[in-house]
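Asker: Sequence:
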Amino acid sequence: MYIAEEAALPDAGDSASLDQALADLEGKYFGAGNASLTGPGTISVAFQSGVHAGETMTLEAIPNAANNQIARWECDGLDPKYLPAACRP
Numbered sequence: 408m409y410i411a412e413e414a415a416l417p418d419a420g421d422s423a424s425l426d427q428a429l430a431d432l433e434g435k436y437f438g439a440g441n442a443s444l445t446g447p448g449t450i451s452v453a454f455q456s457g458v459h460a461g462e463t464m465t466l467e468a469i470p471n472a473a474n475n476q477i478a479r480w481e482c483d484g485l486d487p488k489y490l491p492a493a494c495r496p
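Numbering (this note's numbering), first residue to last: 408 to 496.
What the hints contain is simulated information worked out from the structure, not anything from laboratory work.
Heads up, a few of these hints could be off.
Stated by the list, open to error - Across the chosen pairs, the derived CB separations fall in these ranges: (1) Gln427 with Pro491: 18 to 24 angstroms; (2) Ala492 with Gly457: 14 to 20 angstroms; (3) Ala472 with Tyr436: 32 to 38 angstroms; (4) Gly438 with Asn474: 31 to 37 angstroms; (5) Asp483 with Glu412: 26 to 32 angstroms; (6) Ala411 with Val458: 34 to 40 angstroms; (7) Asp421 with Asp486: 30 to 36 angstroms; (8) Gly461 with Ser422: 26 to 32 angstroms; (9) Glu413 with Arg479: 16 to 22 angstroms; (10) Met408 with Asp486: 31 to 37 angstroms; (11) Thr463 with Ala492: 17 to 23 angstroms; (12) Pro487 with Ser424: 29 to 35 angstroms; (13) Ala478 with Leu425: 17 to 23 angstroms; (14) Ser443 with Met408: 18 to 24 angstroms.
We put the beta carbon where it would ideally sit given N, CA and C, even for glycine.
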């Protein structure tokens with residue numbers, strides 16, 4: 408919704424509610440405080456447990472030509488076979 412309203416991808420500090428939602432996010436292999444915006448449309452997740460403990464995955468939103476929707480995601484930091492399906496070619 409942010410990109411549609413602002414015609415830009417959010418960066419850290421652009422949206423307090425988004426920053427807080429990411430800070431509160433927890434997963435099976437990472438705890439609260441380990442997901443954050445690290446650049447425009449870029450989310451970083453630092454893994455705390457499991458096979459990826461100590462590694463960080465980044466997910467970068469790539470906007471469409473009109474800059475009002477996310478067209479695709481590019482991900483890095485893990486072996487490609489472990490990246491989310493949305494990041495694989």
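Asker: Compare the structure with each hint and give your call.
Answerer: Hint by hint, here is what the structure shows:
no.: 1; hint: Gln427 with Pro491: 18 to 24 angstroms; verdict: holds (23 angstroms)
no.: 2; hint: Ala492 with Gly457: 14 to 20 angstroms; verdict: holds (18 angstroms)
no.: 3; hint: Ala472 with Tyr436: 32 to 38 angstroms; verdict: holds (35 angstroms)
no.: 4; hint: Gly438 with Asn474: 31 to 37 angstroms; verdict: holds (33 angstroms)
no.: 5; hint: Asp483 with Glu412: 26 to 32 angstroms; verdict: holds (28 angstroms)
no.: 6; hint: Ala411 with Val458: 34 to 40 angstroms; verdict: holds (36 angstroms)
no.: 7; hint: Asp421 with Asp486: 30 to 36 angstroms; verdict: holds (31 angstroms)
no.: 8; hint: Gly461 with Ser422: 26 to 32 angstroms; verdict: holds (29 angstroms)
no.: 9; hint: Glu413 with Arg479: 16 to 22 angstroms; verdict: holds (19 angstroms)
no.: 10; hint: Met408 with Asp486: 31 to 37 angstroms; verdict: holds (32 angstroms)
no.: 11; hint: Thr463 with Ala492: 17 to 23 angstroms; verdict: holds (19 angstroms)
no.: 12; hint: Pro487 with Ser424: 29 to 35 angstroms; verdict: holds (32 angstroms)
no.: 13; hint: Ala478 with Leu425: 17 to 23 angstroms; verdict: holds (20 angstroms)
no.: 14; hint: Ser443 with Met408: 18 to 24 angstroms; verdict: holds (19 angstroms)
Of the hints listed earlier, there is not a single one the structure fails to meet.
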